[in-house]
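Start from the sequences and build out the full structure, keeping to the hints where you can.
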Amino acid sequence: MTIGTKVAPFSLKPWFSERVWGKSDLKPWYEETGTTELVGEAWLTGPQCLVESGPYEGQTLASVAEKMGGEFPLLVKILFPADKLSVQVHPDDVQAKAMGETRGKTECWYVLEAEPGATVALGLKPGVGAKEVAASVESGTMEVLLEHVPVSVGDMLFVDAGTVHAIGPGVVLLETQQTSDVTYRLYDYGRPRELHLEKGLQVMKSKTEAGKVAPREMDGFTRLIEQKYFVVDRFEISSRSEKTVSFAGAGCLVGLTGSGVVRTTDGELALTPGKAVVVPMGEGDVVVETKAGVSFVRCVAPV
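So for the sequence shown, our numbering puts the first residue at 436; every next one is plus one.
Treat the hints with caution; some may be incorrect.
What the hints assert, rightly or not - Derived SDA-like pairs (lysine to any residue); straight-line CA-CA distance at most 20 Å:
id, residue 1, residue 2
1, K678, R658
2, K519, G603
3, K462, V607
4, K519, K441
5, K640, E536
6, K647, F593
7, K441, L630
8, K726, P737
9, K519, F451
10, K726, F656
11, K647, V546
12, K566, Y624
13, K566, L630
14, K519, K448
15, K642, A565
16, K462, S676
17, K678, V696
18, K519, F656
19, K634, K647
Unchecked claim - Quick list of the computed label-pair ranges, beta carbon to beta carbon:
id, residue 1, residue 2, range
20, S498, E472, 18 to 28 Å
21, A705, A565, 46 to 56 Å
22, D616, G504, 15 to 25 Å
23, E661, A497, 21 to 31 Å
24, V722, G552, 39 to 49 Å
25, E536, A727, 36 to 46 Å
26, T576, E466, 40 to 50 Å
27, A565, G646, 47 to 57 Å
28, K532, E703, 22 to 32 Å
29, G625, S681, 47 to 57 Å
Honestly, the hints are just simulated from the structure, not real lab data.
Think of the CB as a built atom: it goes at the ideal place given N, C-alpha and C, for glycine as much as any other residue.
This is the structure:
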């Protein structure tokens, strides 16, 4: 995001996306969603999320970013599947632009909750190509062509553009991705939703860089993933202490457990589970302090 005017960090109100595979109750993350429909995703830095603090309070993130000369580069969500998501694929930047889209969609998943035996589908089995995928969609057998990966709390998974993937029930995931919602649905278990088979077959890749990513211990935090479009780090601060958190690129902090405050030049912002504090300038430091302990992630779009 190219920024002409200096803007202090601000907090955002989550926006809840209704999905057929979602849940009616998102506790303990959210007490209420404002809808009686099933909610599958809480968008923490979506373009339509409303600013909750500072001079831009009440405006959308998209409108604030436009005033600052660009677009916020990361879409961060929490996913709450109660049923299987469709089998889908996203294009990379080159493919997306060739199809008239602004950009592709590369993403990652950080596992916040996982029931015993929970899995995600990540990639195709060896030797599977477009012909086999098309035939399996027709016969309703596509699930057997997917690589099913067991997951547990704390796992980080990279989902490279072009990776055929799906998410099953029994997990809660923090998803960090390019700001894009370009999704080609290949297979949906017979649900009456539109498929995008032709486009999906064009952009899918038999082999990608997708998979689990081993964490790396850094100086005072844990690096969960470092890729072209995003870097995600986890911080743990014990009771009655503080930590300086640096940003080298626009990004946000997302609370996971406990509570704290983010000190800025304009005051303090609450850091609580399931909400984002946006650091739009992408340069310099913020200070996070807590009285009873807090854990959070820093999501940054590298400069």
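Consistency of the hints with the structure:
1. K678 with R658: holds (16 Å)
2. K519 with G603: holds (4 Å)
3. K462 with V607: This hinted pair holds, its Cα atoms lying about 11 Å apart.
4. K519 with K441: Between K519 and K441 the Cα gap is close to 43 Å, so the pair fails against 20 Å, i.e. violated.
5. K640 with E536: The given pair, whose Cα atoms are some 19 Å apart, holds under the 20 Å limit.
6. K647 with F593: Holds - the C-alpha atoms of F593 and K647 are around 6 Å apart, at most 20 Å.
7. K441 with L630: Not OK: K441 and L630 at ~43 Å, beyond 20 Å, violated.
8. K726 with P737: violated (31 Å)
9. K519 with F451: holds (18 Å)
10. K726 with F656: Holds, at about 19 Å.
11. K647 with V546: Cα-Cα ~11 Å, so holds.
12. K566 with Y624: holds (19 Å)
13. K566 with L630: holds (16 Å)
14. K519 with K448: Distance of about 27 Å is beyond 20 Å: violated.
15. K642 with A565: holds (12 Å)
16. K462 with S676: violated (28 Å)
17. K678 with V696: Holds - the C-alpha atoms of V696 and K678 are around 11 Å apart, at most 20 Å.
18. K519 with F656: violated (33 Å)
19. K634 with K647: Violated, at about 27 Å.
20. S498 with E472: 18 to 28 Å: holds (26 Å)
21. A705 with A565: 46 to 56 Å: Distance hint for A705, A565 holds at roughly 48 Å.
22. D616 with G504: 15 to 25 Å: holds (22 Å)
23. E661 with A497: 21 to 31 Å: holds (27 Å)
24. V722 with G552: 39 to 49 Å: Between V722 and G552, where Cβ atoms are some 41 Å apart, the hint holds.
25. E536 with A727: 36 to 46 Å: holds (45 Å)
26. T576 with E466: 40 to 50 Å: holds (41 Å)
27. A565 with G646: 47 to 57 Å: Hint violated: Cβ distance 21 Å, outside 47 to 57 Å.
28. K532 with E703: 22 to 32 Å: At roughly 42 Å between Cβ atoms, E703 and K532 fall outside 22 to 32 Å, so the hint is violated.
29. G625 with S681: 47 to 57 Å: Holds - the Cβ-Cβ distance for G625 and S681, about 49 Å, lies within 47 to 57 Å.
In summary, the numbered hints that this structure violates are 4, 7, 8, 14, 16, 18, 19, 27, 28.
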